[in-house]
Amino acid sequence: MIELQQVTKRFGNTLAADAIDLRINQGEFCVLVGTSGCGKSTTLRMINRLIPHSSGLLTIEGQEISQLDEQQLRRRIGYAIQSTGLFPHWPVARNISLVPRLLGWSEARVTERVEELLELLNLPYAEFAHKYPSELSGGQAQRVGVARALAGDPDILLMDEPFGALDPITRETLQNELLRIQRKIHKTLVFVTHDMDEALKLASQIVVMDQGKIIQQASPAELLLNPANDFVAQLLGGEDRGLKQAGLLRVAERMLPLPGPNSLDQAPAIQLHDSLRQALSIMLWHQCQQLRVYEGDSLVGYLPLDRIIRADSHV
Amino acid sequence: MNILPTDRVMPVLSCASLLSFWSLDFLSFQPNRIVPGTGFSADAALGWPWAFCMTALLLFIIAASFTRLRYRHAVQLVCLILLLLQLPLGLAGFSSVQVPDTLPHARTGIASGFWLLLFFAALMLIELQQKMHLSRLKILILLMLPLICLFWVYHTGQIESLALVREYTARSSQFQDALRVHLLLVCGAVGISLLSGFLLVSLMRQWPFIQKFIFGLLNFVQTIPSLALFGLLIAPLGYLASRSEFLQSINVSGIGWAPALIALVAYSLLPISRNIFIALEEVPYAVLESARGMGMSRVQVFLHVRLPLAMPVILEGVRITSIQAIGLTAVAALIGAGGLGSFIFQGLGQAAMDMILLGALPILVMALLADLLFSGLAGLFRNGAKQ
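Line by line, the protein sequences give chains A and B.
In terms of my numbering, the first sequence opens at residue 1 and continues consecutively.
In terms of my numbering, the second sequence opens at residue 1 and continues consecutively.
So here's chain B without its partners, still in its complex pose:
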């Protein structure tokens, strides 16, 4: 039997989870949107048996770390998923007890203990993923269990009193609009900068002397604070729009989607062009020379050799750019571009934490999904090359 040494990370994280689970408020209750909420500790919110059940899972994770069992990481992973599965169920249970149908304005909230537990659980998940050498896709599939559970309690109306859900229900069509605009802006910016990146790089490869100038310019753009760049574009675009009927007809003005898209593209161009340039330049010379020596045409060498070998690094650029654009688009809400950022700024204005979350959580999820998608794609190309 293969005997592995015991580890320290898991018990520490698990102890931290236990501490936050028992010492901080787990869930909260507000009679309406304005009144500050009252916090409930874990045992008060869930009841004794349930709280002890979750404590037992965490203790089990700690205990497993001190064994020398070969499958202890798998045991810990199962415990962790079971723990995560409790969270939506706990929310549903708490809501049904605290908010009867007779209180249509009352809402339940997620308190600090809950968030911290979620945070430590995520850290434990990453730790286990690395210890067990699991792919991110496998972790995602495992995470589908608690996510499906969350969707089920939401869909059956069991957590409709949750503040976040109440905020969403009140603005569901606005939310969908914002989500669509956000996605459109991000995809547009990344798509346009990918195309112009290829164009710029082919120009730079044709005339190497412009390379310094272009990268210098892109680097300079990168140093302008995003808010300033959005602001700087208002005047020139407003002027142009007032002069051109065509621009007016496609809704271009000093504020709105146009300056946002321009600024997003300007920021995305540097990481994308830099990665495309480096990726294409770093294909080994011997490989390209033998491709030509075998009688491949220039186009064939580019499409079948240079581009596929450059693909992982190019996709890495797309990944960085997408994540950056997803975050920057939130700021673009300030100049009236819409998107999920509008909830964040409205929420900040009204000091409504749940409304901020309504904007911030989907941005977080989008960034994680983009990361997963593009690193997965890059991995596919890399697997083929196995360099």
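Next comes chain A alone, as it looks inside the complex:
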């Protein structure tokens, strides 16, 4: 558990972080979101002491971090950044093995760990282990960056806009993989982004920041329903909020059981775990008002337009 109490960072006369109170529980996916210069990166980097906090208490598992050994602390915390920061003169495998080696793991254990991580991030060992960072695409380099951050098996993972420089398709693939990995390893993740869609998709808890202060702290669904002020509402995309909310809801939640109306044979198909936003998009595209819902290959129900708009609607 990471806990910040009245944590403040001053750079000269400016307050980069102003009396931050924040609790991030074990296994939480916490996303700090805000415009550039709002203090989200500063807050993140205070957690691994790349920036020392000026005042307040910043504890990890109850221990004030300024009392801990700086290097020991950082080796326990994974760190991934937008430009990856991979060492250009080391091949992929050696880059990933950095923290395990610093921790003094045996050679056999290090090799095993590198193989495990490359597999976890869908990078075949034989193909990638001996490549240099300059030989990787942006997405591959970022995967290696994430693998390196996970290498020492840290409890906490800090990520500073790791997917910010990637194209939309690669970004979405990596977001999905990060969610998959998180379901598997249950780390405490602190993730910084300026992209609210990314935050809504990934977070279990969203922290909205502005001018060094926390404006609102809530789950994605709650944030969409009750934005604290106009600034948060604006970040949420104003008129698009409805669609964003639909993006958080699964087809499974609104689906109706079979048998449906006779006209259902003609309806397009959608998967059970897809979002209502995708369902709406398919309806708009095919100019229809109902969809057949599949789980894998088997038909399990149907979804009419009314049910997307209102949960209590019965056809």
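No lab work stands behind these hints: they were computed from the structure.
Keep in mind it's a predicted model, so treat the numbers as computed, not measured.
Check the hints yourself; a few may be wrong.
As the list claims (entries may be wrong) - Rough simulated footprint, nothing fancy, chain A against chain B, three-plus residues with beta-carbon under 8 Å:
1. 25–34
2. 305–317
As the list claims (entries may be wrong) - Subject to a maximum C-alpha distance of 30 Å in a straight line, what follows is the list of computed DSSO-like cross-link-like pairs (lysine-lysine):
3. B:Lys138 <-> A:Lys131
4. A:Lys187 <-> A:Lys131
5. A:Lys131 <-> B:Lys212
6. A:Lys201 <-> A:Lys187
7. A:Lys184 <-> A:Lys201
8. A:Lys244 <-> A:Lys187
Ideal Cβ placement from N, Cα and C applies to all residues, glycine included.
With chain A's structure known, arrange chain B on it following the hints.
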């Protein structure tokens, strides 16, 4: 089949070689050291068949340029190496015909046609290296063939009448001394400036405000002509040496190795410190920050990340500095520092061309080897980084 367009550089260079081969004196003969030599054209020096054989090789190079064969560059390279192989053999042949053992003072010389042929051959070699994307090491290995041949004719005494060899034999122990002194001065200057460069740069990184002052001073030193700097050091060093027994005991005086070394270090400091400084500063910030974020100590970040990434640029500085020092050390002979420059200045004084060459050729070879060594080393570090 991959069809390449024909090129123009090789035929032009080859024609120029042919022209100098046939129109200028190729080799020369002197009955003794004082009398001016008589020139021999290529066919007179080598005899008809041999001269035509070499002409044929050059014509073959031209002809190959007009074909569209995929391997024509390789063919040209083979012809060129064969041509270079003829040169030491030709020297040996000419010497054995012109200088019988009964003429111990007679000497053979290399004339303008020979030098120009060598020059154009070097240009062709560079052209082929670039066209065929060969590494410098491969070219060097190929060049070993003519060089081994040259060494063989020298070792078996077949070119002992060559003026350059005669000059060398007369002064072989002096030559070895000069070579040793030259190397010591260069290595000393580069080594000392490398160490002090690191020291200066770490001071400048600690206190950035002294950076302007130090680079200003080093830039100023660079503007002083080398001869003037050597001269300027004579008085203060002479004074110090007359006051200190310790300095006298290690042979420091106004002239000799001490002022030479000081001046060489002063000139070397700018390129070395500038390259070290830029190299260390230009390591991407994100890489350094992630290194710290992973839990590396300051020393580990420097030794495992900053220094290896800076290495190619630092080695580039060492390369520039070494080549500059090799040349400057020749001038240091004027203030009695010794080195190969002493042959150059003695030769100039006696108008003995071959003695000048005895000093200049090894300097040239040393500069080329230093260039090869340090760009090779920098390449090794760069290969690892592949930036």
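Okay, the hints, checked on the actual structure:
Under a criterion of three residues with beta carbons nearer than 8 Å to beta carbons of chain A, the stated coverage of the region 25–34 of chain B fails, only 0 such residues being counted. Check result for the region 305–317 of chain B against chain A: holds, 3 residues qualifying (beta carbon to beta carbon below 8 Å, three or more required). Between Lys138 of chain B and Lys131 of chain A the alpha-carbon distance is near 26 Å, which keeps this suggested pair within the 30 Å criterion. A C-alpha spacing of about 28 Å is found between Lys187 of chain A and Lys131 of chain A, which places the hinted pair at or below 30 Å, so the restraint holds.
A hinted pair counts as satisfied when its Cα atoms are at most 30 Å apart, and Lys131 of chain A with Lys212 of chain B does not qualify at roughly 41 Å. Using a Cα cut-off of 30 Å, the hinted pair Lys201 of chain A and Lys187 of chain A holds, with the two alpha carbons roughly 17 Å apart. A distance of roughly 17 Å separates the Cα atoms of Lys184 of chain A and Lys201 of chain A; the hinted pair therefore holds under the 30 Å criterion. Proximity of Lys244 of chain A to Lys187 of chain A is assessed by CA-CA distance (about 26 Å); at most 30 Å being required, the pair is judged to hold.
Checked against the numbered hints above, the structure violates hints 1, 5; every other hint is satisfied.
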